[in-house]
Amino acid sequence: MIRGVLNNVGILGFGVYLPQNRIKISEIASVWGKSPEEIERSLGVIEKAVAGIDEDTVTMGVEAGKNALEMARISPEKLEAIYVGSESHPYAVNPSATIIGEALGMGRNYLAADLEFACKAATAGMENLAGLLEARLINYGLVIGSDTAQAKPHDALEYAAAAGAAAFVLGRNNKDFLVQILDFASYSSDTPDFWRRDGVPYPSHQGRFTGEPGYFTHVLRASQGLLEKTKLSPSDFAYCVFHMPNGKFPCEVSKRLGFTKEQIEPGLIVGSIGNPYSASSLLGLCSVLEIAKPNQLIFLTSYGSGAGADSFILKTTKLLTRVRIKVPGFKFYLNQKNYISYPTYLKFTGRV
Amino acid sequence: MKVAVLGVGTTKFGELWGVSPRALVREAVKEALIDANLKLADIEALYVGNMLSGILGRQENLGALFAEELGISCPAFKIEGACASGGLAVHNAILSVLAGIYKTVLVIGVEKMTDHKPEEITSALMGAGHDEERAAGITFPGLYAILARAHMEKYKTTEKDLAAVSVKNHYHATLNPKAQFQFEIGLEQVLTSPIVAEPLKLLDCSPTSDGAAAIILSENRKQKTENRKPVFIIASMVATDTLGLAGRRNLTSILATVKAAKKAYQTAGVSPTDIDVAEVHDCFSIAEIIACEDLRFFQKGKAAKEIIKGKTRLGTGRPVVNPSGGLKACGHPVGATGVKQIVEIVTQLRGEAGARQVKKAKIGLAHNVGGSGAVAVIHILKND
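As you go down the protein sequences, you meet chains B and P in turn.
In terms of this note's numbering, the first sequence opens at residue -6 and continues consecutively.
In terms of this note's numbering, the second sequence opens at residue 4 and continues consecutively.
Next comes chain B alone, as it looks inside the complex (with noise of 0.2 angstroms):
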C-alpha cells in the first residue's frame, strides 16, 4: 500500500542551541601546516562551534528543547515522547532522552529513547514521531538532534566536526502547527562509510568513499524518491535544506536536483558553525524557518553514514512568523560568540 501524505502532523516549535565558542578554521590549519586558505576554500568553513567544558550532548539538548517548549506554547508534562538522536551520546548505557525529559519537567508518563544513526539519527526520530501522531497515539512530541562531534586530530574531519542542538515540538492539532509536515521519504543500505566502534573515541571514515556511494547516491534517492512520490519539482519549494559535512556537497547536491543557489544559501550554516552531525540539516532548517514567510515547501534531506537519508515536504504556515520573534533563534546563537585558541580547543573538548 503507498502511504498517502501526511495530514496530522506539524511543529509546534523549534529550538537553537549553539555554544558560544568558536574556533576559526584557519587556526587549526596553521597547527597542522596548512594553508589556511586552501582549507577553506576546499571545504568551505570559516569557523565551527566548540562545546564548553561544561557542556555537552545533554546539556545543548536541554538548552535547545526548553526554546522549542517555549515557542510551542504548551507546558513539558503535555509531551508523551521524546528521541533524541545523536553519535555523541554521553552515555553507552543510560539514555540522554530520560536526563534531558527530566531536566525539561517532562513528568514520568512519556516514551524515551536515544536514536544513533550518525548524522541522520534526529530526523528519523522525527519519522518516528510523525508515525506516532498521524496515528494518533500522542498529542505531541519532542525531538533533538544533539552533537558534540568528535573528530581526531589532524584528521579531515577536524575542521569541520562542531557542536550544536536543535530541538522540535511535534503535535497533532493543525491550528497550532507553525510547519506542517507534509510527507517524507528514506532510503538506507549496507554503506560502510564512516562509523565508530564502541569504545573507540573517534570515528574513521572511507575517505572519498563517503562522498559518492555514501553522501550523494542516498540523499538523492531519497530526495528523488519523496519528489517523484509526491508529484513536486524543485521549483515548487522556496527553501532547501541538506545535511552540510562541508560546504561543497550540500550545494553539488542541490544542483543535481535542480535546486537552485537561492534556494539553498538561506540554510547553508556549514559555514560559521561546521557540522553538528545530527544536529546539521536540523539547524539548517531553523535558520530557514527564521526568515521564511507562510505557505512556502520547504525540502529537507539529511544523511547519515552508514548509510541513510530521511527526506522531509514542509510547508510554512501563517503562525510561524507570529510566533517565531518570541525565543532567541539561529540568528542569535550565531552571534554570541568567543573565539578560542588551539590549545584551548584541545582542553575542550578533552584531548589534553
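Treat the hints as calculated values from the structure; they're not laboratory data.
It should be emphasised that the depicted structure is a prediction, and the values quoted were computed from it without experimental measurement.
Heads up, some of the hints might be wrong.
In silico EDC-like pairs for lysine to aspartate or glutamate, Cα to Cα no more than 20 angstroms straight-line [claimed, not checked]:
(1) P:Lys120 - B:Glu120
(2) P:Lys120 - B:Asp148
(3) B:Lys241 - B:Glu120
(4) B:Lys27 - P:Glu201
(5) P:Lys159 - P:Glu123
(6) P:Lys15 - B:Glu258
(7) B:Lys71 - B:Glu33
(8) B:Lys145 - P:Glu122
(9) B:Lys27 - P:Glu122
(10) B:Lys241 - B:Asp229
(11) P:Lys265 - P:Asp277
(12) P:Lys266 - P:Asp279
(13) P:Lys120 - B:Asp183
(14) B:Lys222 - B:Glu120
(15) B:Lys145 - P:Glu123
(16) B:Lys248 - B:Glu258
(17) B:Lys330 - B:Glu120
We have chain B; now place chain P onto it with these hints.
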C-alpha cells in the same frame, strides 16, 4: 626477438568501488580473448602483475586465484616489482615464450586500491622503498619531490614546466573512454592545486586507482583475427638500481631507465628518433620529464621546454607521449599500469585508437618504473 601480441583488453580505470578484483580480471581477460579470437583453453600459462594484494588485500596467491577464477588449470605466477609489476609480468611471460616452454600465455595486471584508506595505501606503497627512507618517514611524493628539486636546480626546470605534463596528459585522457579523469585541466589549476610535497602539487601526482589490463602473447605470428595488423614486441629489457635515492650518484636521471632503454634500442635495432608513440611512467609530472630525457627523446635538460611547447602532444608532437592519459589521467592501478601501457601501444600500432590515434604510428615504446627508479622495464613494439 619477436613475440606477437594477439589480444589486448583493459577495464575502465578509476574509483571502481562496486567492482571486485576478480570481476576486473574477468572483464579485461574476456576483452583480450575476444580481441585475439582465442579461447581460455588456448592459454598455457598465466602471469599476474600485482603489487599490493598481500599488504592491502591479505591475499598473495594471485596466480592460482586468478587461474581458478578464469576456470583454467595452468602454470600461474604472481610477479611483484612495485609499480613495475605489470611490466615485469610481461617480461617474464615473454621469456617463457622465447624459451619455447609455452606457446601462448596470458598476462594480467591488476590492482584494487581505492577500497583502502589513503594512509594505508601510502604506507603499503612504501613497501617498495628503501628501509632507511621508510624509517625516516618519507613517502613517494617526497622522494619524487627531491628528484624534481634536483632537476629544477640543475636544468632550470620550473613548476610551470612540471604542470604542463599533467595538462597534456589530461587532454589525452579526454580522448580515452577508459581513463579515470576524462576532463581537461589548465596550467593555473595545476599550479594552485594543494601542495603534496613541494614542488609537487596534487595535480602533479597520479591518483590511486582500480583497474585491470590483459594481453595475450604468443610465438605464433599469425593473428587469428582477420584484417588486422599483427603487433610484435621486439625488445623487452629490465634494469635495476639502488632501492633508495641516497645510493644514487645522479638525481636528475633514472639509471635503470637509461640502462634498460639502451639495451632495448640495441635489441630492437631502432633509435629514439624512430619511436612514434610512447607510454612512459608519469607517476609524478617530474617522472615524465626525466623519462623523456633518459629514453633520449630529448637531450638531457631539454625535455621540459619541449613538452611545454607541445612536442609530445597528440597532433603537434612526435613521439606522442602518454596518449592514454598516462598514469596521471588514465589512472594508476599500480600492478595494472605496465600491462595497460602495452595495451595502449598495441592499440596505437594497430591504428585502432580512434580519436587519440597517433598518425602513422609504426614503432612504440612502453616504459614502466618501480619505486623511485629501483627497477625499469622497457618494451619496444612494432606493427609488422
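Here is how each hint holds up against the structure:
Restraint check for Lys120 (chain P) and Glu120 (chain B): not satisfied, since their Cα atoms lie roughly 34 angstroms apart, outside the 20 angstroms limit. Between Lys120 (chain P) and Asp148 (chain B), the direct Cα distance comes to roughly 12 angstroms. Compliance with the 20 angstroms bound is thereby established for this hinted pair. For the proposed pair Lys241 (chain B) and Glu120 (chain B), the alpha carbon gap of about 27 angstroms is over 20 angstroms, so the pair is violated. In summary, the hint linking Lys27 (chain B) to Glu201 (chain P) is supported, as the alpha carbons are separated by about 12 angstroms, within the 20 angstroms threshold.
At most 20 angstroms may separate the alpha-carbon atoms for a hinted pair to count; Lys159 (chain P) and Glu123 (chain P) exceed this at roughly 35 angstroms. Of the supplied pair hints, the one linking Lys15 (chain P) and Glu258 (chain B) is violated, its CA atoms being roughly 37 angstroms apart against a limit of 20 angstroms. Of the supplied pair hints, the one linking Lys71 (chain B) and Glu33 (chain B) is violated, its CA atoms being roughly 45 angstroms apart against a limit of 20 angstroms. Taking the CA atoms of Lys145 (chain B) and Glu122 (chain P), the gap is near 14 angstroms; set against the 20 angstroms cutoff, the hint holds.
Of the supplied pair hints, the one linking Lys27 (chain B) and Glu122 (chain P) holds, its CA atoms being roughly 17 angstroms apart against a limit of 20 angstroms. Taking the CA atoms of Lys241 (chain B) and Asp229 (chain B), the gap is about 24 angstroms. The hint is violated against a cut of 20 angstroms. The hinted pair formed by Lys265 (chain P) and Asp277 (chain P) meets the criterion: a straight-line CA distance of about 14 angstroms does not exceed 20 angstroms. Our distance criterion of 20 angstroms between C-alpha atoms is met by Lys266 (chain P) and Asp279 (chain P), whose separation comes to about 19 angstroms.
Pair hint Lys120 (chain P) plus Asp183 (chain B) holds up; C-alpha atoms about 19 angstroms apart against a cutoff of 20 angstroms. Distance hint between Lys222 (chain B) and Glu120 (chain B) is fulfilled; the C-alpha atoms sit about 17 angstroms from each other, no more than 20 angstroms. Taking the CA atoms of Lys145 (chain B) and Glu123 (chain P), the gap is about 17 angstroms. The hint holds against a cut of 20 angstroms. Using a Cα cut-off of 20 angstroms, the hinted pair Lys248 (chain B) and Glu258 (chain B) holds, with the two alpha carbons roughly 12 angstroms apart.
This hinted pair does not check out: Lys330 (chain B) and Glu120 (chain B) have alpha carbons roughly 33 angstroms apart, beyond 20 angstroms.
Going down the numbered hints, you'll see the structure goes against 1, 3, 5, 6, 7, 10 and 17, while the others check out.
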